[in-house]
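Each chain, written out:
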Amino acid sequence: QKEVEQNSGPLSVPEGAIASLNCTYSDRGSQSFFWYRQYSGKSPELIMSIYSNGDKEDGRFTAQLNKASQYVSLLIRDSQPSDSATYLCAVNISPRGGKLIFGQGTELSVKP
Amino acid sequence: GAVVSQHPSWVICKSGTSVKIECRSLDFQATTMFWYRQFPKQSLMLMATSNEGSKATYEQGVEKDKFLINHASLTLSTLTVTSAHPEDSSFYICSARPGRDYGYTFGSGTRLTVV
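Chains as they are written, first to last, in this note's numbering: chain Z, 1 to 112; chain L, 1 to 115.
Read the hints as simulated data drawn from the structure, not as lab findings. Heads up, some of the hints might be wrong.
Stated by the list, open to error - Okay, the calculated bits of chain L under chain Z, using three or more residues with CB under 8 Å as the criterion:
1. 42-56
2. 93-101
To be verified - Calculated cross-link-like contacts (lysine to aspartate or glutamate; reagent style EDC-like; alpha-carbon spacing at most 20 Å):
3. Z/K99 <-> L/E63
4. Z/K67 <-> Z/E15
5. L/K41 <-> Z/E3
6. Z/K2 <-> L/E59
7. L/K64 <-> L/E22
8. Z/K111 <-> Z/E15
9. L/K64 <-> L/E87
10. L/K41 <-> Z/E107
11. Z/K56 <-> Z/D83
12. Z/K56 <-> L/D101
13. Z/K42 <-> L/E22
14. Z/K99 <-> L/D101
15. Z/K67 <-> Z/E3
16. Z/K99 <-> L/E59
17. L/K66 <-> L/E87
18. L/K64 <-> L/E52
19. L/K64 <-> L/D88
20. L/K41 <-> Z/D83
21. L/K55 <-> L/D65
22. Z/K99 <-> L/E52
23. Z/K99 <-> Z/E5
24. Z/K99 <-> Z/D27
25. L/K20 <-> L/D88
26. L/K14 <-> L/D65
27. L/K41 <-> Z/E45
28. Z/K67 <-> L/D101
29. L/K41 <-> L/D88
30. Z/K42 <-> Z/E15
31. Z/K42 <-> L/D101
32. Z/K56 <-> Z/E45
33. L/K41 <-> Z/E5
As the list claims (entries may be wrong) - Ranges of calculated distance between the beta carbons of each label pair, as one might list FRET restraints:
34. L/T17 <-> Z/S20: 40 to 48 Å
35. L/D27 <-> Z/G16: 31 to 39 Å
36. L/K66 <-> Z/N7: 18 to 26 Å
37. L/G53 <-> Z/I18: 19 to 27 Å
Built from N, CA and C at the ideal position, the CB exists for glycine as well.
Please work from the sequences and hints to get the whole structure.
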């Protein structure tokens, strides 16, 4: 079982719709969870971080965490073509040392 | 915000030569930095954890004698790919964070092509 799993996609949504991205992780001791966006040929940029159960909203983005189910998700409201990218879920699998492990990424395409 | 600078952005080298990549934290001190490698259409794979003043910790399957890491100061970590071969061609990215309550910031990456 992979430590962090995502659906690879591609996920295609029309402009203005809600895009839903999902991620599961295997280490129950994980404490920190991150969503990154990566455009082709570029390095990842941080979108959201979440540390406790529940929802965290930042503009059009909402991260949801359920530690009991070992599940974290990202919702993008009012999707724009500029949101088209690969979204990477990352989990800090150890409290000390801070190793960040990535899922395989979900490719999102927002159609005008 | 936290800024991590990485150089060079791209490099082309001949097979058998060595290449050094630098990663600097510009506005914070980083006792720990992380080095990742990304092949086309794949996710980031953690190669090693760079520790200031001590030896790096390598992930399983990563050759420590081939990928030399030096973290000589609180703001600089270097990755040297020794005796590079075409299969080492990849996108190398470093990462660090200002503290445990912060997200991880990534450098802009180095695209290495070995010919």
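Quick rundown of the hints versus the structure:
1. 42-56: holds (count 6)
2. 93-101: holds (count 4)
3. Z/K99 <-> L/E63: Given that 20 Å is the threshold and the Cα spacing comes to 18 Å, the pair holds.
4. Z/K67 <-> Z/E15: Measuring from Cα to Cα gives roughly 31 Å; hence the hint is violated.
5. L/K41 <-> Z/E3: Holds, at about 19 Å.
6. Z/K2 <-> L/E59: holds, 15 Å
7. L/K64 <-> L/E22: OK: L/K64 and L/E22 at ~17 Å, within 20 Å.
8. Z/K111 <-> Z/E15: holds, 6 Å
9. L/K64 <-> L/E87: The hint holds at about 16 Å.
10. L/K41 <-> Z/E107: OK: L/K41 and Z/E107 at ~10 Å, within 20 Å.
11. Z/K56 <-> Z/D83: Roughly 19 Å separates the two Cα atoms, so the pair holds.
12. Z/K56 <-> L/D101: holds, 15 Å
13. Z/K42 <-> L/E22: holds, 17 Å
14. Z/K99 <-> L/D101: Judged against 20 Å, a Cα distance of about 14 Å means the pair holds.
15. Z/K67 <-> Z/E3: holds, 14 Å
16. Z/K99 <-> L/E59: Given that 20 Å is the threshold and the Cα spacing comes to 10 Å, the pair holds.
17. L/K66 <-> L/E87: holds, 12 Å
18. L/K64 <-> L/E52: Measuring from Cα to Cα gives roughly 16 Å; hence the hint holds.
19. L/K64 <-> L/D88: The hint holds at about 14 Å.
20. L/K41 <-> Z/D83: holds, 18 Å
21. L/K55 <-> L/D65: Status holds; Cα separation ~12 Å.
22. Z/K99 <-> L/E52: Measuring from Cα to Cα gives roughly 15 Å; hence the hint holds.
23. Z/K99 <-> Z/E5: At roughly 16 Å apart (the allowed maximum being 20 Å), Z/E5 and Z/K99 satisfy the hint.
24. Z/K99 <-> Z/D27: holds, 12 Å
25. L/K20 <-> L/D88: At roughly 13 Å apart (the allowed maximum being 20 Å), L/D88 and L/K20 satisfy the hint.
26. L/K14 <-> L/D65: holds, 19 Å
27. L/K41 <-> Z/E45: Status holds; Cα separation ~17 Å.
28. Z/K67 <-> L/D101: holds, 18 Å
29. L/K41 <-> L/D88: The given pair, whose Cα atoms are some 16 Å apart, holds under the 20 Å limit.
30. Z/K42 <-> Z/E15: Measuring from Cα to Cα gives roughly 23 Å; hence the hint is violated.
31. Z/K42 <-> L/D101: violated, 25 Å
32. Z/K56 <-> Z/E45: holds, 18 Å
33. L/K41 <-> Z/E5: Given that 20 Å is the threshold and the Cα spacing comes to 15 Å, the pair holds.
34. L/T17 <-> Z/S20: 40 to 48 Å: holds, 46 Å
35. L/D27 <-> Z/G16: 31 to 39 Å: holds, 37 Å
36. L/K66 <-> Z/N7: 18 to 26 Å: violated, 34 Å
37. L/G53 <-> Z/I18: 19 to 27 Å: violated, 47 Å
In the structure shown, a violation is registered for the earlier hints numbered 4, 30, 31, 36 and 37, in ascending order.
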